[in-house]
Each structure stands twice: as C-alpha cells, then as structure tokens.
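> Hey, can you work out the whole structure from these sequences and the hints?
Chains B and P, in that order, give the protein sequences. Following the working numbering, the numbering of the first sequence begins with 92 at its first residue and continues without gaps. Following the working numbering, the numbering of the second sequence begins with 219 at its first residue and continues without gaps.
Hints may contain errors.
Covered, in the sense of this in silico footprint (three residues per stretch, anywhere, with C-beta under 8 Å from a C-beta of chain B), are these stretches of chain P [as the list claims (entries may be wrong)]:
no., stretch
1, 220-228
2, 256-268
3, 292-303
4, 355-368
5, 375-388
6, 404-411
7, 420-428
Keeping only pairs whose Cα atoms sit at most 25 Å apart, straight-line, the calculated SDA-like set for lysine to any residue is [to be verified]:
no., chain 1, residue 1, chain 2, residue 2
8, B, K101, P, F359
9, P, K350, B, L173
10, B, K97, P, E358
11, B, K371, P, N419
12, P, K350, B, E120
13, B, K370, P, N419
14, B, K300, P, L398
15, P, K350, B, R145
16, B, K370, B, G201
17, B, K370, P, R424
18, B, K136, P, N419
19, B, K100, B, A240
20, P, K350, B, E147
21, P, K350, B, D102
22, B, K370, B, P198
23, B, K142, P, V363
24, B, K371, P, M420
25, B, K142, P, D346
26, B, K300, B, T343
Keep in mind the hints are simulated off the structure, nothing from the lab. Note that the Cβ used here is the ideal one computed from N, Cα and C, for glycine as well.
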Amino acid sequence: MVDQIKLSKKDRISVWWRSTFLQGSWNYERMQNGGWAFTLIPALKKLYKTKEERSEALTRHLEFFNTHPYVASPIIGVTLALEEEKANGAPIDDVTIQGVKVGMMGPLAGVGDPVFWYTVKPIVGALAASLAISGSIIGPILYFVVWNAIRMSFMWYTQELGYKAGSKITEDLSGGILQDITKGASILGMFILAALIERWVSVDFSPVKVSSIKQSAGAYIDWSKLPSGAAGIKEALIQQGSGLSLTEYKVTTLQDNLNQLIPGLAALLITFLCMWLLKKNVSPIVIILGLFVFGVVMHVLGVM
Amino acid sequence: MNLNMIQIILVVFVAFLAGMEGILDEFHFHQPVIACTLIGLVTGQLLPCVILGGSLQMIALGWSNIGAAVAPDAALASIASAIILVLGGQGRAGVSSAIAIAIPLAVAGLLLTIITRTLATGIVHFMDGAAKEGSFRKIEFWQIVAICLQGLRIAIPAALILALGAGPVKSLLSSMPSWLTGGLSIGGGMVVAVGYAMVINMMASREVWPFFVLGFVFAAVSEITLIGLGAIGVSIALIYLTLSKRGGNSNGDGGSSNTGDPVGDLIDKY
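Written as structure tokens, this is what we have:
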C-alpha cells in the first residue's frame, strides 16, 4: 500500500503567500496563467516527483486563467484538493481540473469585483483619504493595515475553505450565498458612492453673486460702536452668536441658492454626465482632462 | 530641494514597490495614499506628501483593473507627482499643481502598463518551455523577472525625474500662472466624479438605485461621519436582504445582472 501524500499546513501557507504574486506575469495571451503556476509550485513539488509528472502538471496549470486576484484563493484551495487526490491515484484528468478552474473563476470574479473594488476599496480609501487630506498620517496607516488585514485573512480562509470542501464547493457556489453577497455589496456600494459624491465631488459656484442686499440697522454688527480691545472682540462674538450678520451687505451666491435647493446637486449632475460619457465609450482619461480644461475656463471666466 | 544619495535610492526603491503592486494589486503600495506617503517619508517631506496622497486617492477611488481593462495608472501618477512635489520645494502650496501633473502621468503610465503586459506574453512562452522540462526553478525565475519588469516600469521614470533634478522641476512649477493652478484645482475637485461614475456604471441596476438616493440624502447631513454612513449602509443592506427573502417572492435573478437600470437607460437616450 502506497503512502498517501498529504499537503501540510506549511505547504498551504507557502501557496497562500505565493498567491500574492498571482498577477505578476499578467499578459494579454493567457492572463494570470504564469502566476497561477508559480503559486501552485510548492504543492506540485511535493505531490509529483518524476520529471514527466512535473512537466504535465506545470503544462496543465499554464492554461488560461483570469479572475479577481483575491477570489482566486478558493479556486486555489479546490485545485490543491484535486491535485492531491490525483497524485494519490484518483482518476482525475486535466480536463476536470481545468473545468473546475474555469467554472469557478467567472462567478467568483463577479463577486470579487463588487465586493473589493466597488465597496471595500472606496470605503476604506475614502476614509483614509479624508484623514490624509487634513494632513494626518493615520490615513495612510489605516488604509494599509485595514486593507491588508481584510485581504490576507480573506485569502487564507477561503483557500482553506476550498481545500477542505474540495470539488463540493462548486455546488455551494450556485447556492444563494454568493448572490446575497453580491447583492449586499452592490447595495452598500451604491449607498456609499452616493455619499462620497455628495461629500467629495466639489463644484463650487461661490464667485457668482446672485444678490447683494443692504441690511437694515440692527441686523448686522456695527463695528464702529464696539468697545476697543478684547472687550470689543467679546462683544462682537456675542452679537454674532445671537444671529447678527458680520457685514452690512448680505451677499447671496449662486452656491447658497443651490445648497438650499439640493446640496451637492451640481456634483450629482457632473457624475451623471460622466456616466453618460462613459457609456458613450468616451475614455475616462479624456473626461478627466476635459474636466480640468472646463475648470480652468470657468475659473478664468469667474464662475467657479 | 536636493536629495542625498540614500534618499534617491530609497525613492527609486519605493517606486519599484509601487510598480510591482500596480500589477499585483495586493499590498496596495501603488495606491496614492500609501505611495505618496512613502515618498514623503523617505524624503523627509511627510506632510505635503500625505496631503497629496489623500487628494489623489479621492480621485483614484474608482480606478481599478477589471478583467483585461487597465485603469489609469495610479502608481506612476502618485510616485512621479510626489517626487515633483518634493523637488519643487513648495510644500503644501505645491499640492494642487502636483495633482494636475499627476493626471497626464496616469495616461503615460497606462501606455507603459500595456507595453509591459505585452512583454509578459513573451515571458509566459519561456514558461511553457520551462514546463516542458518540468523545471520549477525556471518558472519561478521568469515569474520574478516579470514582476521586476513591472517594478522597473515605475522605477525608471522615477529615476529620470530625479536625474532631471530640482532646478528644471522648480522652474516648471513656478512658471505656471495662478489662473492655471487655480483652475486646475477646481478641475481637480470635479474629476473625482469620473472614478465614481465608472463604478456606478458597473454596479447600477433597477434594484439598487433607491439605495443611491438614500446615500446621497444621508450624506447631506454633515453631522454623520463616514464611519456612521458606512454603518447605516451595512444595516440597510442587511435589512433589505433579510426582508426580500421573507417576502417569498425572491426571483432568482441575482443582483449582478445589469438589466433594468432606469437612470442608465435615461442617460443612454441622450
């Protein structure tokens, strides 16, 4: 009786670490194939000893492969389980392994993109960026730690999950969980994106003055009647606190009017314009450059 | 300002890391908020670089490599603009012009990415050869070569800017008139929308638009922090998922389908 070859936890950790470099040789012909083979090497090394077996194994893992780099982990797990069985004599052919890989990469990429690229990254990124813009070093540290903690634990646990469940996981995938995750991520993503547009797309029409009204006496602070020194400052602050205007003229800008109507309306319209242009297959770079030109022109005209 | 030898080496090293990550997309050293901070750290100009990183991160939030599509290159944009900011020596005042410089760099980076990905096609053919021999070592070697190529993609331009030196960069920056820098920073406030629009186009469906409206309205209440908004968003998503199951009329078409996108349809018509 031949001993069963088992992949140890150390082997699986080694594969997990290497999966970090999955996209390293990303190419237009077979995409992540090189990185995929590179990732599996510690396992293949242990499972196959002869040159022929190794050559076959490497060739079959250099086939086309492409998915979201993080959700590749459960696929790696399943592949490890299959390769282990195959090395121990189970009748698993190349087509089966390739079939499992291809069968899983599509649906999983459909989960990875909305969850990581559209939801987690914008949320963590926006949080970190808003801290960083105010000059806080906490921003970048927060991004790095949170992002990598989420990523590394996700990749390890799903790889283990795939390894333990083996080919059975493909049945689970067609179940409701995956759809729920995708839908939940889209809901959260849309919610957060809208919030980010309101908060961070800045379109400011402040230079445009709609009206300038001279206010009646008593509605503004009469600076000439204030006591001098610190007492004057105190009096001015008290008066301002009680609702008096700082200046004799009440200036209303176009921005004030817009804010009363819907705060962030202009930002929303700009976003819809961008969506429309993108759907018309205008390159994002062209839109970005266009917005810069637009900004300069409006600034020179004194509108923004 | 001028950098000493050690700083130059460290800057090129950071650029190399960012270049690698630009393709790997794992540790996220290429994300502006990290890349610019690292450049600031090794050059001793931390504060302006952190601010630059934050601002660029806002613009780049929606940029991601999806499938075979390549997003504008955040790695080159953040590394090069951070180096220019440091060399220019204007501190915080230089941030808005550095942002404006970053955008064309993101385009240039896109071309470099396409070139390296094409080169990688040749590399996997070497791997095919190695597989025939059953040689693990050679596969590993070529994988590492491919990753290093991606690193050089950013490290070489970074070294070129450093070689150019502070003088030319400074005179370039100071020759920008104020109407231009002012206008560019206004433009910078708007370009954030492009990234968001890209993501919305990918996610939008009839089912999720109401959540967009909710997010927009909640955000207008300025007392709620970003973390608070996140908590509200998660709760709403959980409530919706639970209720839609209890309703019993769950149709099996999942959220991923892009059918029925009213605002998208509206936009299409124009």
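> Are the hints correct? Go through all of them and say.
Results of checking the hints against the structure:
1. 220-228: Since three or more residues must qualify, the claim that chain B covers the stretch 220-228 of chain P is violated, with 0 doing so at under 8 Å.
2. 256-268: holds (count 3)
3. 292-303: violated (count 0)
4. 355-368: With 8 residues in contact (Cβ-Cβ under 8 Å with chain B), the coverage given for the stretch 355-368 of chain P holds.
5. 375-388: Answer violated; 0 residues pass the 8 Å Cβ test.
6. 404-411: holds (count 8)
7. 420-428: holds (count 7)
8. K101(B) / F359(P): holds (22 Å)
9. K350(P) / L173(B): Satisfied, since the Cα-Cα distance of roughly 22 Å is no more than 25 Å.
10. K97(B) / E358(P): The hint holds at about 23 Å.
11. K371(B) / N419(P): holds (12 Å)
12. K350(P) / E120(B): holds (19 Å)
13. K370(B) / N419(P): Holds, at about 8 Å.
14. K300(B) / L398(P): holds (22 Å)
15. K350(P) / R145(B): holds (9 Å)
16. K370(B) / G201(B): Distance of about 20 Å is within 25 Å: holds.
17. K370(B) / R424(P): holds (17 Å)
18. K136(B) / N419(P): violated (44 Å)
19. K100(B) / A240(B): holds (20 Å)
20. K350(P) / E147(B): Judged against 25 Å, a Cα distance of about 8 Å means the pair holds.
21. K350(P) / D102(B): holds (24 Å)
22. K370(B) / P198(B): holds (24 Å)
23. K142(B) / V363(P): holds (24 Å)
24. K371(B) / M420(P): holds (14 Å)
25. K142(B) / D346(P): holds (15 Å)
26. K300(B) / T343(B): holds (6 Å)
Hint violations for this structure: numbers 1, 3, 5 and 18, all remaining hints satisfied.
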